[in-house]
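Following the hints, position chain X against chain V.
There are 2 protein chains.
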Amino acid sequence: MNAEIIAIGSELLTPFHQDTNSLFITEKLNTLGVEVTFKSVVGDSRANLVSVARIALARTDIVIFMGGLGPTEDDLTRESVSEAMRLPLKRDPDLLADLYARFAARRIKMPENNQRQADVLDGAASLPNAKGTAPGQWIDGQYEGRDKFVMLLPGPPYELKPMFEEQCLPRLREKLPPLFIATRTLKVAMMGEGECDSRSAPIYRKYERVQTTVLFKHGEVQLHLRGRASTALEAQDMVEKLAEELEDELGDHVFSTAGESLEQIVGYFLQMRTATLAVAESCTGGLFSQRITSIPGSSRYFLGGVVSYDDEIKKLLVGVPPMLIKEHGAVSKPVAQALAEGIRRKCNSTLGVGITGIAGPGGATDEKPVGLVFIAVTDGRVTDVVERQFPGDRERIRWFASQLALDMVRRKLL
Amino acid sequence: MNAEIIAIGSELLTPFHQDTNSLFITEKLNTLGVEVTFKSVVGDSRANLVSVARIALARTDIVIFMGGLGPTEDDLTRESVSEAMRLPLKRDPDLLADLYARFAARRIKMPENNQRQADVLDGAASLPNAKGTAPGQWIDGQYEGRDKFVMLLPGPPYELKPMFEEQCLPRLREKLPPLFIATRTLKVAMMGEGECDSRSAPIYRKYERVQTTVLFKHGEVQLHLRGRASTALEAQDMVEKLAEELEDELGDHVFSTAGESLEQIVGYFLQMRTATLAVAESCTGGLFSQRITSIPGSSRYFLGGVVSYDDEIKKLLVGVPPMLIKEHGAVSKPVAQALAEGIRRKCNSTLGVGITGIAGPGGATDEKPVGLVFIAVTDGRVTDVVERQFPGDRERIRWFASQLALDMVRRKLL
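Those protein sequence lines, which keep their order, are chains V and X. Okay, so the first sequence: first residue is 1 according to the numbering used here, each after it adds one. Okay, so the second sequence: first residue is 1 according to the numbering used here, each after it adds one.
Honestly, the hints are just simulated from the structure, not real lab data. Heads up, the beta-carbon is just placed ideally off N, CA and C, and yes, glycines get one too. Hints may be right or wrong, so weigh each one.
According to the in silico footprint, chain V covers these stretches of chain X (three or more CB under 8 Å from chain V) [unchecked claim]:
no., stretch
1, 4-14
2, 40-54
3, 103-114
4, 294-303
5, 306-312
6, 360-374
Think about it this way: if two alpha-carbon atoms lie no more than 27 Å apart in a straight line, the pair counts; the simulated BS3-like pairs of lysine-lysine are [said to hold, decoys possible]:
no., chain 1, residue 1, chain 2, residue 2
7, X, LYS131, V, LYS368
8, X, LYS206, X, LYS241
9, V, LYS28, V, LYS148
10, V, LYS217, X, LYS217
11, V, LYS326, V, LYS368
12, V, LYS315, X, LYS315
13, V, LYS131, X, LYS217
14, X, LYS90, X, LYS161
15, X, LYS131, V, LYS217
16, X, LYS333, X, LYS368
17, X, LYS175, X, LYS148
18, V, LYS217, X, LYS161
19, V, LYS148, V, LYS175
20, V, LYS109, V, LYS90
21, X, LYS241, V, LYS217
22, X, LYS217, V, LYS161
23, X, LYS131, X, LYS161
24, V, LYS28, V, LYS241
25, X, LYS90, X, LYS175
Here chain V stands alone, though its shape is the one from the complex:
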């Protein structure tokens, strides 16, 4: 079974708006074993909409239209799908009464245009919309002699998501052959996509019924596993086994096996060890602290720290000896170490982190290029210092530096 998702609205063809609904729908369809094979975006033009609808109906089993169900003249989804499928629209008296009642409750006269929201395709089931005035529609019909499931859903995510999940998915599940899907996500830090894939591919290729997607995103590799079988237990089993084999191969590079972020994992570990953390960060400029504190409850283990952008701040607030900066420069191994040890002492934390580097585009010298970063993590006994040369622009360099620092904290707590 395959599906096409069609997002409707001229605003989706501007530089500002992006369809995010389709990711949600894709995720849900995948759990039924349905693959999305096409996605389309089309503006509020009836001719274009009819043509896009016909193309979709001709090439996929399930066609989902999102948007264009409002009361204005721009809202053409009902009429266009009606034309494409040759199913006449009928005005539903119950829906109409309901619309009038909604407006009456707000003591507003309903504009005549709104009556169109009561138009239903012949044979379609109307889907009540708890969050807005536009009802959806479900059609279990035919196109050119072949069975099709067609859905008309409202565009706003907070209307679409519950409607799809509560009213469309159960209907689809009932109609589709039973299939059980189990999923698992492994996340891997500080390993290149190439290395990760070449080490894991020989393993996941053995599992023909588990689909493995390898993504490189935000400085981490994600392995998304999706197993399908005729029983839930079997699907679960396959995915678990594969996840275990992958973990054995990738070792402690795997930081998460249930989709958690690196900052979440670091938080778990700190709490588990009843340890606290403080940071003195320069080139990341607050990004490390911001990521740590993006996790609710992080005040239990994160004490705080210093954004030591200026060298004076490194001396004044973190206690880095001026001589060190003079001798080695602010971007150096000894200064990273002094930042970590200094901030740990100042804040009286279990662990201290020091980050210094050149995020660019300016600030490079012959010996110290843009992307050069030193990171130190100390527990008061041993201080680990790592030197790295990150590629990319300011944003990427800062992100990678924060990623490496988080991973070093994680490893310190292993």
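Quick look at chain X alone, frame taken from chain V:
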């Protein structure tokens, strides 16, 4: 002239990946007066790709393919467009030599598969890719007897964006009828979308040839103006006039008239006044510093600061009097003020910022609900303190707090 943007790759049909390139390309095409009328996403299937290519070529003047130019078997864009347009592929000896040279420079033997990256459609111009191995292609050709501009671009944004901007746009500009588009973006801080729109709509509605899009995004309202005319001067004039009228109406809520971010504007102002900034932030946990330092060159005006997550840090590193915290609580007006004044003194900066609040979901009390934030900005003489109650989740509350703090700094420098 209309265009279709086609994103290619099975990973774009998973729940994880979203095409963001198309927004960039849309923005650039709009400046030439080209509207995007369709967007499509298709997986790595040759049959599907050929069919999508044919549909696009039949319905639009400009067709832009993104992705599928790599060396693997999954990369089918060259072959598919060749089939759809009936233009044979030819292996370009210069490109091939270049590919071999790239691999030789890295002392790696080039896999045979990579040779395919030297295949060019008959009549196409090859577009060098400074950031990767996949060259793009530009075709000024025909389909079913009608003129078409067709582009094949690599999928990774950092490869696609410079290639499109530097190599495709100038070619398009040369070929398209001259149409002058002037654009302007006004950004408005700390004003609701509703209020902003109801105040500006009566103004922008008078300008029929300027298209105005109002967006609420990241805690700011953006007014995107786009005027088109037959001369550059006329287009520019219309947009300028409208921008001026809007600025008059919205006053100093408008912080940017050329698309700059709030952190950029604050940076400009600080540099203009040769002023420096330091911050002590609690609930934003580093976000304020991170936003300020996301701007290249921010080390010229940002000294740094303290992420005073724990109350001890507020006392130790910022010098907040323990009595103040005991009496008023850490989330209070006096503590915000003491944070701003304390960090200014410690860092010897022109301005000091203090941020304290409850980002949630935990930490609320009967008197102090989630979303309560106090922000102080001081120049050593006058300290402004603002209390706000922000709606939404942890992420939104933190973002809004950083937004308000930046805006208060801006106003302090006006």
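Results for each hint:
1. Under a criterion of three residues with beta carbons nearer than 8 Å to beta carbons of chain V, the stated coverage of the stretch 4-14 of chain X is upheld, 4 such residues being counted.
2. For the stretch 40-54 of chain X, the assignment as covered by chain V holds, since 8 residues bring a beta-carbon within under 8 Å of that chain's beta-carbons and 3 suffice.
3. By the rule of at least three residues with a Cβ nearer than 8 Å to a Cβ of chain V, the coverage given for the stretch 103-114 of chain X is violated, with 0 such residues.
4. Evaluation of the coverage hint for the stretch 294-303 of chain X: fulfilled, as 7 residues show C-beta separations to chain V shorter than 8 Å, against a requirement of three.
5. Evaluation of the coverage hint for the stretch 306-312 of chain X: fulfilled, as 6 residues show C-beta separations to chain V shorter than 8 Å, against a requirement of three.
6. Under the rule that three or more residues need a Cβ within less than 8 Å of chain V, the assignment of the stretch 360-374 of chain X holds, with 4 such residues.
7. Between LYS131 (chain X) and LYS368 (chain V) the CA atoms are separated by roughly 22 Å; this keeps the pair inside 27 Å, and the hint holds.
8. For the proposed pair LYS206 (chain X) and LYS241 (chain X), the alpha carbon gap of about 11 Å is at most 27 Å, so the pair holds.
9. With a C-alpha separation of about 18 Å, the suggested pairing of LYS28 (chain V) with LYS148 (chain V) holds against the 27 Å cut-off.
10. Distance restraint check for LYS217 (chain V) and LYS217 (chain X): the Cα-Cα separation of roughly 24 Å lies within the 27 Å cut-off, and the hinted pair is therefore satisfied.
11. Distance restraint check for LYS326 (chain V) and LYS368 (chain V): the Cα-Cα separation of roughly 15 Å lies within the 27 Å cut-off, and the hinted pair is therefore satisfied.
12. As the CA atoms of LYS315 (chain V) and LYS315 (chain X) are separated by approximately 18 Å, the hinted pair is consistent with the 27 Å bound.
13. For the hint pairing LYS131 (chain V) with LYS217 (chain X), the CA-to-CA distance comes to about 22 Å; that is within 27 Å, so the pair holds.
14. Between LYS90 (chain X) and LYS161 (chain X) the CA atoms are separated by roughly 26 Å; this keeps the pair inside 27 Å, and the hint holds.
15. Between LYS131 (chain X) and LYS217 (chain V) the CA atoms are separated by roughly 18 Å; this keeps the pair inside 27 Å, and the hint holds.
16. Note on LYS333 (chain X) and LYS368 (chain X): the hinted pairing holds, with a Cα-Cα distance of about 12 Å set against a maximum of 27 Å.
17. Among the hinted pairs, LYS175 (chain X) with LYS148 (chain X) is consistent with the structure: their alpha-carbon atoms are about 11 Å apart, no more than 27 Å.
18. Of the pairs offered as hints, the one joining LYS217 (chain V) and LYS161 (chain X) holds, with about 18 Å between alpha carbons and a cut-off of 27 Å not exceeded.
19. Among the hinted pairs, LYS148 (chain V) with LYS175 (chain V) is consistent with the structure: their alpha-carbon atoms are about 11 Å apart, no more than 27 Å.
20. For the given pair, LYS109 (chain V) sits about 23 Å from LYS90 (chain V) by alpha-carbon distance, which is consistent with the 27 Å threshold.
21. About 43 Å separates the Cα atoms of LYS241 (chain X) and LYS217 (chain V), which puts this hinted pair outside 27 Å; it is violated.
22. A distance of roughly 21 Å separates the Cα atoms of LYS217 (chain X) and LYS161 (chain V); the hinted pair therefore holds under the 27 Å criterion.
23. Taking the CA atoms of LYS131 (chain X) and LYS161 (chain X), the gap is near 10 Å; set against the 27 Å cutoff, the hint holds.
24. At most 27 Å may separate the alpha-carbon atoms for a hinted pair to count; LYS28 (chain V) and LYS241 (chain V) meet this at roughly 24 Å.
25. As the CA atoms of LYS90 (chain X) and LYS175 (chain X) are separated by approximately 25 Å, the hinted pair is consistent with the 27 Å bound.
Checked against the numbered hints given earlier, this structure breaks hints 3 and 21; the rest are met.
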